[in-house]
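Visitor: Okay, here's what each chain looks like letter by letter:
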Amino acid sequence: MNETMEQLRQEFQYDKTNQCVQCGYCLPVCPTYRSMGKETHSPRGRINLVKMVGEGRITDLSVLEEPLNLCLGCRACETACPTGVEYGSILESARAALVKRKSFSFPVRLVRKTMFKKVFPSKNVMNFTGHAFWLYEKTGVQKLMRKSKLLHKLPHHLGEFEAIMPKAASPKQRAHSYSYVKAKGERKYTVAFFTGCIMDAMFYKINDLSIRLLAEVGCDVYVVGKQTCCGALHAHSGEIDDARELAKRNIIAFEEIEADYIVNNAGGCGAMLYEYAHLLKDEPEWKERASVFSAKSKDISQILISCGGVSDLKRKENERVTYQRSCHMTNVQKVTAEPVQLLKGIPGIQFVEMQEANMCCGSAGIYNMVNYDESMKILDEKMKHMKETKATVIITTNPGCLLQMKVGIERENLSSSVKALHLIEYLADAAGIK
Amino acid sequence: MLTANQIMEINRIIQIGRLLLDEHDRYSYSFDASFGTYLPDAVVQTKHVEELAKLVKFANQEGIPIYPRGQSTSLSGGPLPVQGGIVIDLSVMNDILDIDEEDLVAVVSPGVLTSAIHKAAEEKGLMYPPDPSSSHVSTIGGNMAENSGGPRGLKYGVTKDYVIGLEVITPEGEIIQTGGRTVKNVTGYDLTKLIVGSEGTLGIITKAILRLIPKPPATATLMAIFSNLVDAGRAISNILSSGILPSKMELMDQASIIAVENYQPMGLPRDAEAIILLELDGHPLALQDEIIQAEQLCYVVGASQVKIPKNDMEKEEIWRARKLVSPAIVRIKPTKISEDATVPRSKIPEMCERLQEIKRRYQVHLVLFGHAGDGNLHPNIICDKSDPEEMERVEKAVAEIFTAAVELGGTLSGEHGIGNMKAPFMEMELGAVGLDMMKRIKKAWDPNNIMNPGKIFPEPGQKLELK
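Taken in order, these protein sequences are the chains called A and B.
What the first sequence shows, in full-length UniProt numbering, is residues 1 to 434, in sequence order.
What the second sequence shows, in full-length UniProt numbering, is residues 1 to 467, in sequence order.
Treat the hints with caution; some may be incorrect.
[Stated by the list, open to error] Reference listing, derived: stretches of chain A covered by chain B, where coverage requires no fewer than 3 residues with Cβ under 8 Å from a Cβ of chain B:
| id | stretch |
| --- | --- |
| 1 | 21 to 35 |
| 2 | 38 to 47 |
| 3 | 51 to 60 |
| 4 | 82 to 94 |
| 5 | 410 to 417 |
[Unchecked claim] Simulated crosslink set (DSS-like; lysine-lysine; CA at most 25 Å straight-line):
| id | chain 1 | residue 1 | chain 2 | residue 2 |
| --- | --- | --- | --- | --- |
| 6 | B | K467 | A | K16 |
| 7 | A | K334 | B | K323 |
| 8 | A | K205 | A | K434 |
By construction, these hints were calculated from the structure, which means they are not laboratory data.
On a predicted model such as this, the values are computed, not experimentally measured, just so you know.
Cβ coordinates follow ideal geometry from the N, Cα and C atoms, glycine included.
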């Protein structure tokens with residue numbers, strides 16, 4: 001065997017593919033296998049393609065591009081897998097190996113570089129984006145755009161996503177960001193809050209509510225200034241080195257505070273933080289620090305529950321509530337019970353599970369923009385089950401899911417009867433926190 | 001290889017379905033849950049029976065191999081396109097699932113998942129008993145082709161016992177109906193039973209009529225722990241001859257107990273040589289008596305402990321131990337050779353001894369678990385296919401397992417099928433004439449040998465190859 005073959009095997013983690021016994025237990029839970037209807041878009045199929053590269057049977061690596069790119073990365077297959085195949089890890093390294101070898105056209109390269117290196121990791125740029133959203137809304141440009149139907153001409157169906165943009169926070173509101181909020185009553189934990197890049201830019205309000213809810217239940221909350229994007233979008237797009245770099249920056253930033261927990265409110269980011277230990281396992285000087293970081297990283301629902309839940313919630317009459325789970329929260333962080341427990345603690349609501357509640361909604365980071373048609377097929381299936389519940393409120397625990405649910409509500413013309421909210425918005429409202 | 005003209009013609013025939021020719025798609029249909037990768041020339045997916053029949057007719061004219069496939073959970077190589085040609089993905093043919101409460105039958109398309117039939121039947125208080133452990137992934141078409149079993153085989157039999165009618169595309173592209181909606185039917189040869197278990201070598205099943213039975217109202221579970229494997233074997237025989245017919249009777253040997261404990265500790269005794277898990281079903285009052293009787297029978301032959309769960313949660317916990325065996329054993333080494341040699345019930349203790357001897361002689365990691373009640377033990381050899389020296393020993397051990405089963409009056413395969421892996425051993429069980437009679441049937445049905453060629457019947461000089 002020549003060295004390049006050995007190198008390929010290492011890069012694609014060929015060894016890990018041998019854990020797959022091809023039993024097919026992942027097929028029924030894979031959203032893309034179901035929507036696209038072929039093995040090529042199943043976890044077992046994708047693992048096999050990687051295996052074929054490792055065995056030298058597939059030499060044209062471009063053969064792998066479509067199947068790997070069309071994976072949502074929801075990792076439901078890992079939960080279903082009886083033999084513990086590390087699908088996420090195989091996918092990540094295979095994508096990285098492809099990206100490394102691919103020569104993107106100049107514009108694509110430029111966009112990737114700008115987004116991954118300049119936009120998500122930069123607090124200033126993300127802040128600016130937040131301001132820009134606000135300006136767009138306030139100056140009437142939004143109205144004009146909506147009226148002019150120009151939005152329909154935007155690439156990647158951006159027009160449709162524009163329609164569901166959350167209400168932006170003003171620069172004044174943004175400037176008033178916290179660095180420390182004291183616990184109400186007796187302190188139970190000291191926590192450091194992870195703001196996230198997209199959450200912070202687009203869902204500033206939810207972050208604000210999260211911090212205040214944490215204080216409400218008895219946490220001293222610190223917001224560390226130097227924190228950055230979690231790196232999930234990078235890792236999922238094959239930019240693994242960038243992801244590692246961001247992980248290190250976050251580890252350093254959060255080491256400044258002796259917190260009991262590092263708390264986030266976005267399932268996707270949370271999963272990435274949870275996996276820093278895995279991401280940096282081969283770097284001796286970071287391994288231990290990453291493990292400490294990951295062990296401390298928790299979803300906000302876990303902390304709210306371990307503080308005894310949110311008390312004195314006001315009654316919500318006539319609301320049927322369903323919960324669209326964040327795949328990364330379910331399949332990576334394995335946090336499933338707490339959000340439901342919190343919801344059920346709100347007096348008066350009727351909680352209804354939808355069929356196939358664990359199926360991905362098709363949002364998957366930026367999948368819904370890059371693979372719009374496929375994403376919408378998956379979303380439409382989700383909305384079918386959502387409608388069966390006759391719910392008036394859809395609760396989510398991740399920004400991507402939240403936006404996707406909003407798109408779904410628009411597509412189904414349900415905006416007058418159904419709303420999509422982040423769990424925190426709903427809880428805060430019941431707790432009287434505005 | 002398909003010629004450009006052939007591809008053009010196939011494209012013309014497949015109007016409703018789709019034809020997949022890309023390399024990534026073809027590789028995605030090149031494997032199953034057994035061994036080997038065989039690249040097909042094309043993959044066809046269609047829900048339309050007439051269209052598929054036309055394709056088969058064309059393939060028959062041109063001598064193109066046809067490989068019917070469900071969801072490829074096969075452990076014997078059933079759907080592997082060993083000679084290239086066209087894979088027919090029948091998992092897409094899944095539109096019909098009708099339960100007829102009056103006739104007590106289900107009418108199904110081949111791509112319907114077996115678990116979907118379970119669910120639909122149960123919603124009407126009925127039951128479709130065959131329950132292979134892959135039933136939430138496997139299609140009923142695949143189950144029929146391989147004549148799948150499962151833990152309930154002991155009391156309820158296997159797939160063929162519930163298939164009473166079929167629609168089949170013959171290898172010459174004709175569509176025929178066999179059997180019907182009645183349990184009794186002796187009109188002519190029983191082609192239904194011939195097709196079920198023929199592993200896709202005699203045609204493509206495009207619709208089936210399945211017999212259903214009323215669902216038993218209750219179940220009871222028992223777990224018995226033995227310090228001696230042979231005692232466990234005697235307990236099995238004693239229970240079965242006492243007038244109790246369990247719906248499931250599963251065995252775990254010491255290697256599986258230890259594997260489970262290492263993987264997810266649940267407090268199983270590592271020093272025990274065997275655990276038996278029992279499920280009874282029927283009227284709740286009858287079960288109360290029977291489960292105590294079974295408990296006593298286990299103690300009589302020397303069980304060290306018998307547990308009877310008090311509620312559903314405890315019940316689930318007990319069955320979890322059995323479910324964990326498969327995932328637990330692959331943690332030891334990556335390759336799992338899952339055999340399903342089956343012996344008459346009375347020979348279970350002897351088969352257990354023979355297996356232990358094979359394990360010692362070839363120094364292989366053999367784990368024994370499975371459906372003890374019907375003699376369908378699952379000796380699994382855990383190995384590493386990248387180690388050629390080990391695989392050579394494994395090959396010899398596997399061959400000896402087959403020999404042992406046949407010598408004890410049993411069979412090569414209880415429920416996985418022959419496929420390509422076990423083909424070399426066919427003559428040992430059937431004899432030259434027996435095998436030849438089967439070949440003649442194949443020749444009569446499929447004169448051009450296009451339907452799943454390379455399966456069941458060994459090629460001259462074919463040997464078991466795991467390396």
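Visitor: A separate judgement is required for each hint: does it hold in the structure or not?
Guide: Hint-by-hint comparison with the structure:
1. 21 to 35: As far as the stretch 21 to 35 of chain A goes, the hint holds, because 7 residues have Cβ atoms under 8 Å from chain B.
2. 38 to 47: Coverage by chain B holds here, the residue count being 5 at a Cβ distance below 8 Å.
3. 51 to 60: It holds: at least three residues are needed, and the stretch 51 to 60 of chain A offers 5 whose Cβ sits within less than 8 Å of chain B.
4. 82 to 94: Coverage by chain B holds here, the residue count being 3 at a Cβ distance below 8 Å.
5. 410 to 417: Since three or more residues must qualify, the claim that chain B covers the stretch 410 to 417 of chain A is violated, with 0 doing so at under 8 Å.
6. K467(B) / K16(A): holds (19 Å)
7. K334(A) / K323(B): holds (21 Å)
8. K205(A) / K434(A): Cα-Cα ~9 Å, so holds.
Hint 5 from the list above is the single one not met by this structure.
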